[in-house]
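**Q** Chains as they are written, first to last, in full-length UniProt numbering: chain A, 1 to 463; chain B, 1 to 463.
Careful: at least some of the hints might be erroneous.
Since copy identity is lost for identical chains, a pair holds within one copy or between any two.
[To be verified] The calculated lysine-lysine pairs, modelled on BS3-like cross-linking and capped at a C-alpha distance of 25 angstroms, are:
hint, residue 1, residue 2
1, Lys-158, Lys-216
2, Lys-95, Lys-126
3, Lys-268, Lys-325
4, Lys-325, Lys-400
5, Lys-126, Lys-447
Hint data in this document are derived by calculation from the structure and do not stem from the laboratory.
2 protein chains.
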Amino acid sequence: MSETPAVIDRLVAALGPAAVLTDPDVTSAYQRDMMPLAPHGSPLAVVLPASVEQVQEVVRACADAGVPIVPRGAGSGLSGAANAIDDCVVLVTTKLNEIVEIDQDNRLAVVQPGVVNLDLRNAVEKNGLFYPPDPASYDWCTIGGNLATNAGGLCCVKYGVTSDSVLGLEVVLADGSLLRTGRRTVKGVAGYDLTKLFVGSEGTLGVITSATLALKPIPQAPGTMVAAFPAASAAGVAVTRVVREGLVPSLMEIMDATSIAVVETYLKTELGAGKGAGALLLCQSDSGGEVARRELAALEQICTDAGADLVHTTFDAAEGGMLLKARRAVLMALEEHGDWMTDDVCVPRTKIVDLIGGCERIAAEVGLTVAVVGHAGDGNMHPTIVYDASSAEQVALAHKAFAAILALGLSLGGTITGEHGVGKIKQEWLARELGEVGMRVHREIKKALDPGNLFNPGSMFSV
Amino acid sequence: MSETPAVIDRLVAALGPAAVLTDPDVTSAYQRDMMPLAPHGSPLAVVLPASVEQVQEVVRACADAGVPIVPRGAGSGLSGAANAIDDCVVLVTTKLNEIVEIDQDNRLAVVQPGVVNLDLRNAVEKNGLFYPPDPASYDWCTIGGNLATNAGGLCCVKYGVTSDSVLGLEVVLADGSLLRTGRRTVKGVAGYDLTKLFVGSEGTLGVITSATLALKPIPQAPGTMVAAFPAASAAGVAVTRVVREGLVPSLMEIMDATSIAVVETYLKTELGAGKGAGALLLCQSDSGGEVARRELAALEQICTDAGADLVHTTFDAAEGGMLLKARRAVLMALEEHGDWMTDDVCVPRTKIVDLIGGCERIAAEVGLTVAVVGHAGDGNMHPTIVYDASSAEQVALAHKAFAAILALGLSLGGTITGEHGVGKIKQEWLARELGEVGMRVHREIKKALDPGNLFNPGSMFSV
Numbered sequence: 001m002s003e004t005p006a007v008i009d010r011l012v013a014a015l016g017p018a019a020v021l022t023d024p025d026v027t028s029a030y031q032r033d034m035m036p037l038a039p040h041g042s043p044l045a046v047v048l049p050a051s052v053e054q055v056q057e058v059v060r061a062c063a064d065a066g067v068p069i070v071p072r073g074a075g076s077g078l079s080g081a082a083n084a085i086d087d088c089v090v091l092v093t094t095k096l097n098e099i100v101e102i103d104q105d106n107r108l109a110v111v112q113p114g115v116v117n118l119d120l121r122n123a124v125e126k127n128g129l130f131y132p133p134d135p136a137s138y139d140w141c142t143i144g145g146n147l148a149t150n151a152g153g154l155c156c157v158k159y160g161v162t163s164d165s166v167l168g169l170e171v172v173l174a175d176g177s178l179l180r181t182g183r184r185t186v187k188g189v190a191g192y193d194l195t196k197l198f199v200g201s202e203g204t205l206g207v208i209t210s211a212t213l214a215l216k217p218i219p220q221a222p223g224t225m226v227a228a229f230p231a232a233s234a235a236g237v238a239v240t241r242v243v244r245e246g247l248v249p250s251l252m253e254i255m256d257a258t259s260i261a262v263v264e265t266y267l268k269t270e271l272g273a274g275k276g277a278g279a280l281l282l283c284q285s286d287s288g289g290e291v292a293r294r295e296l297a298a299l300e301q302i303c304t305d306a307g308a309d310l311v312h313t314t315f316d317a318a319e320g321g322m323l324l325k326a327r328r329a330v331l332m333a334l335e336e337h338g339d340w341m342t343d344d345v346c347v348p349r350t351k352i353v354d355l356i357g358g359c360e361r362i363a364a365e366v367g368l369t370v371a372v373v374g375h376a377g378d379g380n381m382h383p384t385i386v387y388d389a390s391s392a393e394q395v396a397l398a399h400k401a402f403a404a405i406l407a408l409g410l411s412l413g414g415t416i417t418g419e420h421g422v423g424k425i426k427q428e429w430l431a432r433e434l435g436e437v438g439m440r441v442h443r444e445i446k447k448a449l450d451p452g453n454l455f456n457p458g459s460m461f462s463v
Numbered sequence: 001m002s003e004t005p006a007v008i009d010r011l012v013a014a015l016g017p018a019a020v021l022t023d024p025d026v027t028s029a030y031q032r033d034m035m036p037l038a039p040h041g042s043p044l045a046v047v048l049p050a051s052v053e054q055v056q057e058v059v060r061a062c063a064d065a066g067v068p069i070v071p072r073g074a075g076s077g078l079s080g081a082a083n084a085i086d087d088c089v090v091l092v093t094t095k096l097n098e099i100v101e102i103d104q105d106n107r108l109a110v111v112q113p114g115v116v117n118l119d120l121r122n123a124v125e126k127n128g129l130f131y132p133p134d135p136a137s138y139d140w141c142t143i144g145g146n147l148a149t150n151a152g153g154l155c156c157v158k159y160g161v162t163s164d165s166v167l168g169l170e171v172v173l174a175d176g177s178l179l180r181t182g183r184r185t186v187k188g189v190a191g192y193d194l195t196k197l198f199v200g201s202e203g204t205l206g207v208i209t210s211a212t213l214a215l216k217p218i219p220q221a222p223g224t225m226v227a228a229f230p231a232a233s234a235a236g237v238a239v240t241r242v243v244r245e246g247l248v249p250s251l252m253e254i255m256d257a258t259s260i261a262v263v264e265t266y267l268k269t270e271l272g273a274g275k276g277a278g279a280l281l282l283c284q285s286d287s288g289g290e291v292a293r294r295e296l297a298a299l300e301q302i303c304t305d306a307g308a309d310l311v312h313t314t315f316d317a318a319e320g321g322m323l324l325k326a327r328r329a330v331l332m333a334l335e336e337h338g339d340w341m342t343d344d345v346c347v348p349r350t351k352i353v354d355l356i357g358g359c360e361r362i363a364a365e366v367g368l369t370v371a372v373v374g375h376a377g378d379g380n381m382h383p384t385i386v387y388d389a390s391s392a393e394q395v396a397l398a399h400k401a402f403a404a405i406l407a408l409g410l411s412l413g414g415t416i417t418g419e420h421g422v423g424k425i426k427q428e429w430l431a432r433e434l435g436e437v438g439m440r441v442h443r444e445i446k447k448a449l450d451p452g453n454l455f456n457p458g459s460m461f462s463v
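Here chain A stands alone, though its shape is the one from the complex (with noise of 0.2 angstroms):
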């Protein structure tokens, strides 16, 4: 503790006074992300850096005062990876906001990890170009976050995730040195996949101050299906055979019956599921002209196949429009109920129906209201716990639904996080998912890259 005012004298000379924040008032802003339950601690400052040289400056001055060092973008993370702990450097890289570059010949970007995700979607779409990676929060959530967290969103089922976009990194590393990983070509295999590697790492392994990013082409304006079933298993059902069919439509989410009721309740609409639906199925095709409204008349046909009371396509922009905004009103519906804590598991996509019927078990046994909507194009379910959070006794029924979904998430062969992340909330689940190799691997890694225990450290795992 005694170095501490060097640090900071040190961050200050190095960034200026007004880029190194202390005031605990201030820095309280920068302490914890999204995920209201994930523990977080007093940072010691809060550092804004630049530029790249500023960035391994705060490295250098942490590492040199034994200083931990938290990364974070805009905080919108759900895991609380980019929670402060106490007495560390929080360095925010929300300055570093430039698109360097966009090539169109090439389709790919250039961006610094402060660039808002929705600020990318919109420079390229300039170009005729289309960034993927949507989380929900990407009219705030910025590039580095999703770099770090390895992020998902709707557009997964045909899309893919975070690292399926990133050709190529830039990362300061616990020395301070300059990692440039990947490369501007799409195809590589000159040595091992470091890209990747840090794509997901959450800042434990260094800071990601560049990203070479891959774009595609824009698609077609989408046309919308939305199915209504009377319970969960018929739309489960259907879900298994687009997979089987070979169908993959551009979004496939599914809401059950709480969030339908909670929904209709908010926005004062029906969505048409009629009283008591026990799940809604929303599939969007961004193919385009006749394909798309053949993939949409398959998608019909299986869920009427399987059981739907109603199904319904439109290719009016603002009726599609108004049934997502339906599908993305869920948490803020929820919150006129209570606090909420949203879970991410995910699973086989044979096995979204098992999920879902667990989480009204788990929901009936802790008495809590449990909503599950989710990603149902990938099995990646967001069952999301509503409670209150000024009551100690639903706090503790919270983290015990909480745990038992993600118990339940591995017995039906899934994983414990589709696209959260583990931050400092899954960490003993993380090993329970890995078992005593994997992590071993994870800790021998660390230690190589980070030898100090510089970045963001017990968040993830524990060295």
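Starting from the known structure of chain A, arrange chain B on it as the hints suggest.
**A** The following block gives chain B in isolation, referenced to the frame of chain A:
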């Protein structure tokens, strides 16, 4: 060396005498892969384990005795990565050749590493599924080798490389323990992406004993378009336009003037390119029906606008197959002109023309034939040098041309290997591409996972 007999005894005890080959006349067949100029040594023994437990036994025995292990599959590699070094044990995975599971509903397969790529393709096709990676040697290369080199092929422009199809692995580590990476779900971010760290690691980090592979729906029967250009530059303009316009053919191959000429002679047929054609583009669409027609028409238009002398589209499977056969026949055709050595660089797609032009200059400079064929859709080019392996002078010139092509690829913003790997022929080039920090990180990871330098020492890089 004194421990040699002991390790052989132990291997024989574990695997049985038939699975431990020591006769030099027999082991010589396992000394090298298909890259003629990569160095190779004489193995102490060649072992063919038939179970994961036997692989673990081999690893433990060799680790205890300090005998290095070179893992290999069928030996179709083109970088010498599977080449034996003196007094090593070559661990052949071809007896681990079971397709353990095909899960149609979750679109995945679990396979052992010795399964031949084509056997997997055929097996999943019977279940209505498609395994995209299609290296040129797909009818005899193994999945294990594909994983170790992160193999590509003609499919990559639309379907990506091997790592894009891998969900999880089982790997025997240097201490004989069994690591499970990844998962059976489509998405998952629990921990570091160890799966992709091992894919493409060329047998330097462990022995892959099982892989869970993501499958795709079977695409439609392809339509094929061929375009002949007066000069490579015009074909390059067409490739850039295709990328810029957002077209994604399922195949887009380029052949330069030399490749066209040797193939026409070899197949005793005309490719319709006319006398002295400068380049040929071969494209396919597997989107089916009206969409394929539209895609191929758009490709035709782009080629015509770029100055093609001839464009021709066919939906006749036999005719399309003939055209593809011509592309695949280039190496065999070159064999009639001498020995060949194929290089493997990947450049930004806008730089293909510069690469072909540069290869012409290099060919003239060294006085050898260099034929350029490649995957134009992703910039992955295979300039192939024809020389006389019995002439020391020509061998030296071939080496010179090989190196000049790599330097050219790097100078164009490309990589020294798009899909063949580094192996035992491009180690110094890897260091040149990755730089000091990149190499240090490689060594740190290697040391963390294989502290005794047991696996494929000296291949890819030296510790």
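**Q** With reference to the structure, classify each hint as holding or not holding.
**A** Hint-by-hint comparison with the structure:
Both within a single protomer and between protomers do Lys-158 and Lys-216 lie at most 25 angstroms apart by alpha-carbon distance, with minima of 12 angstroms and 11 angstroms respectively. In this homomeric assembly, Lys-95 and Lys-126 come within 25 angstroms of each other (Cα to Cα) only inside a single copy, at 23 angstroms, whereas the closest approach across copies is 54 angstroms. Only within a single protomer do Lys-268 and Lys-325 lie at most 25 angstroms apart by alpha-carbon distance; the minimum there is 13 angstroms, versus 62 angstroms between protomers. Taking the shortest Cα distances, Lys-325 and Lys-400 never come within 25 angstroms of each other, neither inside one copy (30 angstroms) nor across copies (61 angstroms).
Within a single copy, Lys-126 and Lys-447 get their C-alpha atoms no closer than 43 angstroms, and across copies no closer than 46 angstroms, so neither meets the 25 angstroms cut-off.
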